[in-house]
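Trainee: What follows is each chain in one-letter form.
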Amino acid sequence: MIRVIVGAILAPIFIVGLGLIGLAAGGSRSLDAYLVLSGILFAIGMFGFLARRNAISMLMSIELMLNAVNLAIVAFGSFIPKLGAGGSVIALLVMAVAAAEATVGLAIVIAIFRNRKTPLVDEYDAMRQ
Amino acid sequence: MNGSDVIIIAPLIAAIATAIAILVVDIVVPGRTNAVIATALIGLGVTAVVTLTVGSMPPTTAYGGAYKLDALTTFLDLLFVAVIAMTIVFAPDYLAPRRLPVAEFATVLVFAMSGAMLISASVDLLLLFLGLELMVLPGYLLAGYHKSDSYSTEGAIKYFLLGSFSSAIFLFGLAFVWGLTGSTRVADVASVLTQVVNHTLPFSPGLAMGFAFLTTGVAFKIAAVPFHYWTPDAYQGSPTPVTGYLSVGPKVGAFALILRLFVEALGPMKAEWLPVVIVLAATTMTLGNLVALTQDNVKRMLAYSSIAHTGYMLVGLAAYAGGQPQGLEGLLFYGAAYSFMNLGAFAVIAALQKRAGVTSQLATFAGLGRKEPWLGVLMTLFLLSLTGIPPTAGFFAKAVIILAAVQAGGWVAFLAVLLVVNAAAAAFYYLRVVVYMYMRDPASDAPPLRHGRLMWGGLTAATAATILFGLFPGLLLGMISAAAGALTAAG
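As they're listed, the protein sequences go chains A and B. Using my numbering, read the first sequence as starting at 1 and increasing by one per residue. Using my numbering, read the second sequence as starting at 1 and increasing by one per residue.
Just chain A, same shape as in the assembly (with noise of 0.2 Å):
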């Protein structure tokens, strides 16, 4: 309850003040665009990491935020002329780190689902004092 609260005060706040952010930042107009779009899935997914309760949602919100980040880096890439074909480079990059993380986090989720036989995890709380 108190992590779909938190997500929804949050989730608009961040979504408006990316927005001001990526207006203000950057020269061309077209590049606030894709920072502010960047900007909402970036708070679209985490919103999800923090009012979900089902482990693989959390993780698909997790790639959510990722894929945010690959948005900005593209766009910077491809409206600053003086960052070369960095752009890609780093998407690149970020693509891998996602793929592992993506890799261990399944395990991680498999071995516990076998465990506890449950994805949620308001429920693994084995350990809270």
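Read the hints as simulated data drawn from the structure, not as lab findings. Virtual Cβ for every residue (Gly too), placed ideally from N, Cα, C.
List of simulated lysine-lysine pairs, DSSO-like, C-alpha gap at most 30 Å: (1) K354/B <-> K147/B; (2) K117/A <-> K147/B; (3) K354/B <-> K371/B; (4) K117/A <-> K354/B; (5) K270/B <-> K82/A.
Over the 10 Å line for every Cβ pair with chain B, so calculated as not near, a few chain A residues: (6) S30; (7) A33; (8) L37; (9) I40; (10) I44; (11) A51; (12) A85; (13) D122.
With chain A held as given, fit chain B onto it using these hints.
Mentor: Frame of chain A, contents of chain B only:
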């Protein structure tokens, strides 16, 4: 890439070759724990020698200035090698009774070390991120290493979810800093910031947001309050040798990242980030200690105490930003001293848990001083060192940080006072374990365990380091002041 680049990254190559060699040995002679450990220790020894040899060259960079070889790199690499070697030595006594393979454990651990070594040498934000991921991904696997144990997997999933959440935050910050400064090189970012401080360039809100996200991501990794929620569960759930490693390796690695990021890249804006570090340090050490007071599981207690130690190290960073370069020396000395004493304490817990089913509850320690006198004495020594009582390494480490903080003055001097108060409060929960060991009767009549030679060897090394660095801090200070000097010269 040319020949000299390969020589400069030789320590990294040696580390990865060690990890692969362990795997190959396990394939050729399956199930031979001794062969695996011998390979790992020889490989780590070679890595240390290579690091020292390469480190004796004059400071230089490789790969177009992304990888830097200086005194800080060498010092941190040697520290990581020592931490990993001790973890591998402590592990078999815990893993064998639970039928967990040692070879995969050692391989994954050495890969994690290669990530930490990459961090210590990176002067490029993207490379720092890659090193960070290479260090923490094996950490997630190790936390869930006992995969049929529900505590271990629970710790692992919490560690993983919050860890990759914070990685995404860090990366979002990186994207904005890169896009708005035009480079991922630490030196280029620093030169842009110098222009911002001199008002020749405007400080865009996007850049400010980028740095805020980077700071948040790193604060998660070092478990600073309020980004510490994953720590207690991840530490309590993990197999004990893994907990020992997690509380030391990734923490010192993340501090290496902080040094490269805050001191080198954000160095020109010291005055701006100092208040943030002061607040983080004050809340981290106070909350960590307060919650540790109420724990009756020793692993969970040490988890909260490790949060408090993060706070102490942040005081060193604050002292640096307050104008005292010795603060960095304090931070590095604290990192080294903390590594040995904390690993030692976890090794004693791992030794007690050789009998499967033994928990890390406080009651396990009842009467230990009589039943297993040597383990009792060593645990007492490590706990005294964590408290900060002379003549141990922990005392000297705290002394350097407090001295630097007092000299920095202002709010940083207030942090020094808070640190002393916190250390006194921490004595209560550390010494409670000692009271249990010497003044309570043993809970069970089980005969004392026989511990392997490796375990004793590792404990001897940790003890020697804890006492020697306390009695003769000069042994370490030469290297540390060179490392801190390399950092401030660049920043």
